[in-house]
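Below, each chain spelled out in residue letters.
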Amino acid sequence: MNRSPLTVPLRAIWNALYWTHERATWQYDVMVIAILAFVWLTPPDWLRDPTASGTGPIAWLIHLFR
Amino acid sequence: MAPLREAAPLTIMTFTGFIGDVCMLPLRAIIAVCVRWRIHPNVLTFIGVLINVAAAWALAARRFVLAGVVMVVANIFDFIDGKVARELQMESPFGGFWDSVMDRFSDISLFIGLIYLYSNMRRTDYVMIAALAMMFAILTSYTRARAESIVEKCKVGFMERPERIVLFMIGAFTNRMGAVLWVILVLSILTVADRIYFTWRELNARTKPTIA
Chain A
1 MNRSPLTVPL
11 RAIWNALYWT
21 HERATWQYDV
31 MVIAILAFVW
41 LTPPDWLRDP
51 TASGTGPIAW
61 LIHLFR
Chain B
67 MAPLREAAPL
77 TIMTFTGFIG
87 DVCMLPLRAI
97 IAVCVRWRIH
107 PNVLTFIGVL
117 INVAAAWALA
127 ARRFVLAGVV
137 MVVANIFDFI
147 DGKVARELQM
157 ESPFGGFWDS
167 VMDRFSDISL
177 FIGLIYLYSN
187 MRRTDYVMIA
197 ALAMMFAILT
207 SYTRARAESI
217 VEKCKVGFME
227 RPERIVLFMI
237 GAFTNRMGAV
247 LWVILVLSIL
257 TVADRIYFTW
267 RELNARTKPT
277 IA
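The listed protein sequences correspond, in order, to chains A and B. Numbering follows the working numbering, with no gaps: position 17 of the first sequence is 17. Numbering follows the working numbering, with no gaps: position 82 of the second sequence is 148.
If you are wondering where the hints come from, they were derived from the structure by calculation, not from laboratory data. Idealized CB from N, CA, C, for every residue including glycine. Hints are not guaranteed to be accurate.
Across the chosen pairs, the derived CB separations fall in these ranges [what the hints assert, rightly or not]: (1) Ala259/B / Arg23/A: 15 to 25 angstroms; (2) Gly162/B / Val30/A: 27 to 37 angstroms; (3) Gly54/A / Leu198/B: 43 to 53 angstroms; (4) Ala127/B / Ser4/A: 19 to 29 angstroms; (5) Pro5/A / Leu91/B: 28 to 38 angstroms; (6) Thr7/A / Lys221/B: 50 to 60 angstroms.
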């Protein structure tokens with residue numbers, strides 16, 4: 001079968017958007033890790049978070065390697 | 067020749083499954099105490115709601131760590147009520163109805179706490195984000211309830227109540243409520259869309275004529 005190289009990533013994106021997986025599956029784990037990464041690694045300034053303090057690890061790393 | 071043995075299915079412990087199992091250990095003890103004292107599950111549900119209102123107050127007062135601790139306590143009650151009902155054989159249609167109504171009450175209370183906080187800080191943008199997240203959180207449960215009156219099951223979509231509550235706790239304990247609200251908003255919109263699409267597809271498949 002002639003499959004386009006885009007099939008797998010497009011399928012992954014579709015599966016993430018149209019979520020049909022149960023809890024405690026590897027797909028659920030991946031989603032949880034992605035969410036936690038967003039919550040903890042995004043500098044609060046980028047989101048203009050009114051209550052969070054500190055720049056967050058990403059901004060800290062950018063500053064370190066600059 | 068020896069018969070080929072069917073390979074046993076490989077079960078892998080996921081890290082979310084492991085966390086769930088660890089959290090179940092103290093909960094089992096609490097459930098056992100409630101069963102021994104024969105506490106009515108509807109009472110447990112109501113106590114959970116009252117404690118959640120206290121968490122909402124703590125969020126409104128910008129006392130996030132306190133809010134996180136109170137949310138943990140509230141959701142212990144919220145989690146065990148169904149299990150206690152099963153153990154005591156007190157499951158009833160009214161209990162299910164009461165539980166889901168009180169869940170919405172708790173959800174809305176937490177969002178109102180945050181809306182109050184952001185409006186006090188004159189942050190209209192986050193008032194809107196919290197209000198929209200609240201709207202789609204309610205629509206998440208409404209779409210499922212309405213869908214399940216016309217199709218058998220509608221459990222698609224990631225952002226259900228347990229995920230929302232855990233995210234609230236993470237936001238409160240780590241002081242990242244802004245990011246948490248964005249996640250709840252975006253994933254709740256997707257969940258509502260998933261449920262609408264799923265129901266439409268199920269109903270379409272049902273009404274299509276079959277070729278003999």
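C-beta pair Gly54/A, Leu198/B: status relative to the range 43 to 53 angstroms that was hinted: violated (26 angstroms)
Could you say whether the range 28 to 38 angstroms given as a hint is met by the Cβ separation of Pro5/A and Leu91/B?
violated (46 angstroms)
- Item | Verdict for Gly162/B, Val30/A (Cβ pair) under range 27 to 37 angstroms | The hinted range 27 to 37 angstroms holds for Gly162/B and Val30/A, with Cβ atoms some 32 angstroms apart.
Exercise for the section: Take a look at whether the Cβ-Cβ distance between Ala127/B and Ser4/A falls inside 19 to 29 angstroms. Expected result: violated (54 angstroms)
(Q) Taking the Cβ atom of Thr7/A and the Cβ atom of Lys221/B, is their distance within the range 50 to 60 angstroms? (A) violated (27 angstroms)
Check: Cβ-Cβ distance between Ala259/B and Arg23/A: within 15 to 25 angstroms?
Finding: holds (20 angstroms)
Comparing the model with each numbered hint stated earlier shows that hints 3, 4, 5, 6 do not hold.
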